[in-house]
Amino acid sequence: MALVLNEEQEMLKESAQGFLAEHAPVSELRAQRDAGSDKGYSDTLWSQMANMGWAAILVPEEYGGLAFGHVGMAQIVEQSGRTLTASPLLSTAILGVTAINVAGSEVQKSELLEAIAGGELTMALAVDETIHHDPVQTAMSAVSKDGGYVLNGEKRFVVDGSTADKLIVATRTSGSPGDMKGISLFLVDRTSDGVNVQRTQMLDGRNAAIITFTNVEVSIDALLGEQDKGFAALSATLDAGNAHIAAELLGIAQESFDRTLHYMKERKQFGALIGSFQALQHRAAHWWSEIEMCKSVVLKVMQSLDEGDVKSSALASIAKAKLCEVAELSTNEAIQIHGGIGMTDEYEIGFFIKRARPAQMLLGGYNYHANRFALISGY
Amino acid sequence: MSDLQVFRQESRDWLEENCPRSMRSPVIAGEGACWGGRNWTFESEDQKLWMDRMGAKGWTAPDWPTEYGGGGLDKAENKILKEEMSRIRARSPLDSFGIWMIGPALLKFGSEALKQQHLPAIIRGEIRWCQGYSEPNAGSDLAGLQSKAVDMGDHFIANGQKVWTSYGDKADWMFCLLRTDPDAKKQMGISLVLFDMETPGVTPKPIKLISGSSPFCETFLDDVRVEKDQVVGDVNQGWTIAKYLLTHEREMIGGMGLSGSGSKTLGAIASQTMGTTEGRLNDLFMRTDVARWEIDAAAFAFTAERVTDEAKAGQGIGATSAMLKYYGTELNKRRFETLLKIGGSDDLVWEGDVSNDGWTAKTLLRTKGNSIEGGTSEVQLNIIAKNILGLG
Numbered sequence: 001m002a003l004v005l006n007e008e009q010e011m012l013k014e015s016a017q018g019f020l021a022e023h024a025p026v027s028e029l030r031a032q033r034d035a036g037s038d039k040g041y042s043d044t045l046w047s048q049m050a051n052m053g054w055a056a057i058l059v060p061e062e063y064g065g066l067a068f069g070h071v072g073m074a075q076i077v078e079q080s081g082r083t084l085t086a087s088p089l090l091s092t093a094i095l096g097v098t099a100i101n102v103a104g105s106e107v108q109k110s111e112l113l114e115a116i117a118g119g120e121l122t123m124a125l126a127v128d129e130t131i132h133h134d135p136v137q138t139a140m141s142a143v144s145k146d147g148g149y150v151l152n153g154e155k156r157f158v159v160d161g162s163t164a165d166k167l168i169v170a171t172r173t174s175g176s177p178g179d180m181k182g183i184s185l186f187l188v189d190r191t192s193d194g195v196n197v198q199r200t201q202m203l204d205g206r207n208a209a210i211i212t213f214t215n216v217e218v219s220i221d222a223l224l225g226e227q228d229k230g231f232a233a234l235s236a237t238l239d240a241g242n243a244h245i246a247a248e249l250l251g252i253a254q255e256s257f258d259r260t261l262h263y264m265k266e267r268k269q270f271g272a273l274i275g276s277f278q279a280l281q282h283r284a285a286h287w288w289s290e291i292e293m294c295k296s297v298v299l300k301v302m303q304s305l306d307e308g309d310v311k312s313s314a315l316a317s318i319a320k321a322k323l324c325e326v327a328e329l330s331t332n333e334a335i336q337i338h339g340g341i342g343m344t345d346e347y348e349i350g351f352f353i354k355r356a357r358p359a360q361m362l363l364g365g366y367n368y369h370a371n372r373f374a375l376i377s378g379y
Numbered sequence: 001m002s003d004l005q006v007f008r009q010e011s012r013d014w015l016e017e018n019c020p021r022s023m024r025s026p027v028i029a030g031e032g033a034c035w036g037g038r039n040w041t042f043e044s045e046d047q048k049l050w051m052d053r054m055g056a057k058g059w060t061a062p063d064w065p066t067e068y069g070g071g072g073l074d075k076a077e078n079k080i081l082k083e084e085m086s087r088i089r090a091r092s093p094l095d096s097f098g099i100w101m102i103g104p105a106l107l108k109f110g111s112e113a114l115k116q117q118h119l120p121a122i123i124r125g126e127i128r129w130c131q132g133y134s135e136p137n138a139g140s141d142l143a144g145l146q147s148k149a150v151d152m153g154d155h156f157i158a159n160g161q162k163v164w165t166s167y168g169d170k171a172d173w174m175f176c177l178l179r180t181d182p183d184a185k186k187q188m189g190i191s192l193v194l195f196d197m198e199t200p201g202v203t204p205k206p207i208k209l210i211s212g213s214s215p216f217c218e219t220f221l222d223d224v225r226v227e228k229d230q231v232v233g234d235v236n237q238g239w240t241i242a243k244y245l246l247t248h249e250r251e252m253i254g255g256m257g258l259s260g261s262g263s264k265t266l267g268a269i270a271s272q273t274m275g276t277t278e279g280r281l282n283d284l285f286m287r288t289d290v291a292r293w294e295i296d297a298a299a300f301a302f303t304a305e306r307v308t309d310e311a312k313a314g315q316g317i318g319a320t321s322a323m324l325k326y327y328g329t330e331l332n333k334r335r336f337e338t339l340l341k342i343g344g345s346d347d348l349v350w351e352g353d354v355s356n357d358g359w360t361a362k363t364l365l366r367t368k369g370n371s372i373e374g375g376t377s378e379v380q381l382n383i384i385a386k387n388i389l390g391l392g
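Keeping their order, the protein sequence lines are chains H and G.
Per the numbering used here, residue 1 is the first one in the first sequence, and the count goes up by one each step.
Per the numbering used here, residue 1 is the first one in the second sequence, and the count goes up by one each step.
Isolated chain H, as found in the complex (with noise of 0.2 Å):
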């Protein structure tokens, strides 16, 4: 397959660009960091992202979807990662669609997956444990009760975990923690009995949430895939999911890399353009060529799961590793290169790091994913 946009993954590109410029812009985010939003987005912005189909992007069209596929979703991925848009799309139309769909039964894939694609129902994933990301090494328990189950533990780092109707849940039924094999999902409402959630804002504004499950029952019909066999759909979502983070990073690196550009083109010191400076010249050339391997590395991965590559699993983490080596570069050469304005809270340039860092360590940052890409490697 051409390494290319086709028309219509074009076309939702520019009418993703043009709507987030106009109703999601920076100046949203802070807007909603200084009023001490409780949610982090605005439920507004979600509706209207609902209505426009971005919700059942990646949603099968027997269950009321567009299935129009990871390209297609990284285009506005990406670009709401050019205007720092907060909302649900991650945890829910990107995480909670495609753990549903890879692991779902038919009852669970028909009511929820409609219910999401209509913008009715939001979900966020837990598996954090640690302060770092390992999901082979869950260990909250999940233990057969009754016909059900009984679910202790703590997850950390659940993106919109304190504001989504419903959290898919990482437990282990069997074995120990480093065993693929004894890893179960569960759909848990969030409200139910025994679950505490304790909110965090974190430093791009933007919640997540660190949960205690205690003692709480679930019922059979919760147990998403089969059980023990968990790990295989969860891979399957991490996968998704950090392809979609690359591709927010993508937008964030080329925004930062923009605005910077635009800046040296206008900043005058010794009576000359800062552009003009060689040293500067350089480095702008260099941080540009590293935005084009990124374009292209994003680009494959999405093409790639909508292929159902088997390749997928180490396209995703190049493409993680990759985009947090160049986000890390951006938005360090973008306020540098910007000085002391780009220490200012009132300057924008400010937010993109801000973004970033959470961006880049959710799911995995560099180092978890060029481990994870050696191993698949062989080596």
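Treat the hints as calculated values from the structure; they're not laboratory data.
A couple of the hints might just be wrong.
Straight-line distance between alpha carbons at most 16 Å, and here's what the computed EDC-like set of lysine to aspartate or glutamate pairs gives [unchecked claim]:
1) G/K205 to G/E218
2) G/K57 to G/E126
3) H/K295 to G/E77
4) H/K39 to H/D165
5) G/K170 to G/D196
6) G/K79 to G/E305
7) G/K312 to H/D165
8) G/K185 to G/D141
9) G/K57 to G/E77
10) H/K295 to G/E305
11) G/K368 to G/E337
12) H/K295 to G/E310
Remember, it's a predicted structure, so these values are computed and weren't measured experimentally.
Once you have looked at the hints, place chain G on chain H.
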């Protein structure tokens, strides 16, 4: 069957019949490559047979017009031929600066007479070409070149010195940039001329590199007669053609980030040499270096793919050869630094079987030139900043 299917079948049959068995294995690190020309010593009868047969069919330059002896293939056919050749692991029948560089320039800028004179001999591997660009005082600042050609009425007389002439001592003809108008602004007074290396006054002298090999020469020009009909394009308009050729060269060198030592990945070489425990390379710091390199190499390979696909689809910004050249050569240098560390003290041995005659060390040393030749990394960054980013 469609026309392309017929073409595929015919190509497959022809290659099966005409490609000698011994030519069906990859060229590794230049061993077994065929450069042709008047001075060439074929390593075997098969090598000559393969070059001659492919040359006669025009498939040494598959997409050049048949009127000059080329294959006349369109893009789709050319792709099929490449696929069929790689299916039987057929070697390139001829490596040639004629095919890669001066040929395309002649096709684009040359007179009909020049095309008729030179293209068929390039295609058949009869004439080997070298490039006379850089001078001792004109490297990155190529347009500052001072070797000159003085108009004598019916011919020019050239004097000066060229340097970094690839295989100048083995080549038959040179395409050469000379100053034909000393009074014009520096880019405006340059012409691209062609002459036989056996012309009296042309003296190539090999330069020994840090890698021990001598792929380049310095070439002295003392009262060399250059015929007027051997100017490519118009007199004093050589810089435009030179820039076209430099772009071509950048693309060629940039592609090297993708090539390697055979088909093994860096990870596989490291695992084999250093061993693994529970699926992880024993040296964990090396493992990090290898993974970091492989991630970047994958990103580069996909970028080369994307840029090609965008060009085909009429999208993209073009002018990306500077980026590919910069990134690809820096990547190749890093590859060999990592390979040498993996190889350990054995790979430091300059000659002998233990190090395959110092292959890794010598290639590492040679790669240092990748980010210098064809425009330094710094020049590529200048090009990106100026032409793509619009920084003045």
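We went through each hint and held it up to the structure:
At roughly 5 Å between alpha-carbon atoms, G/K205 and G/E218 fall within 16 Å of each other, so this suggested pair holds. Taking the CA atoms of G/K57 and G/E126, the gap is near 14 Å; set against the 16 Å cutoff, the hint holds. Taking the CA atoms of H/K295 and G/E77, the gap is near 30 Å; set against the 16 Å cutoff, the hint is violated. Taking the CA atoms of H/K39 and H/D165, the gap is about 12 Å. The hint holds against a cut of 16 Å.
Proximity of G/K170 to G/D196 is assessed by CA-CA distance (about 12 Å); at most 16 Å being required, the pair is judged to hold. For the hint pairing G/K79 with G/E305, the CA-to-CA distance comes to about 14 Å; that is within 16 Å, so the pair holds. Taken as a hint, the G/K312 and H/D165 pair is broken in the structure, with Cα atoms around 47 Å apart against an allowance of 16 Å. Proximity of G/K185 to G/D141 is assessed by CA-CA distance (about 14 Å); at most 16 Å being required, the pair is judged to hold.
Restraint check: the Cα-Cα separation between G/K57 and G/E77 comes to about 14 Å, which is no more than 16 Å; the hinted pair holds. Only pairs whose Cα atoms come within 16 Å are accepted, and H/K295 paired with G/E305 is accepted, the gap being roughly 12 Å. For the hint pairing G/K368 with G/E337, the CA-to-CA distance comes to about 10 Å; that is within 16 Å, so the pair holds. The suggested pairing of H/K295 with G/E310 holds, with an alpha-carbon distance near 12 Å, which does not exceed 16 Å.
The structure does not agree with the numbered hints 3 and 7 stated previously, though it agrees with the rest.
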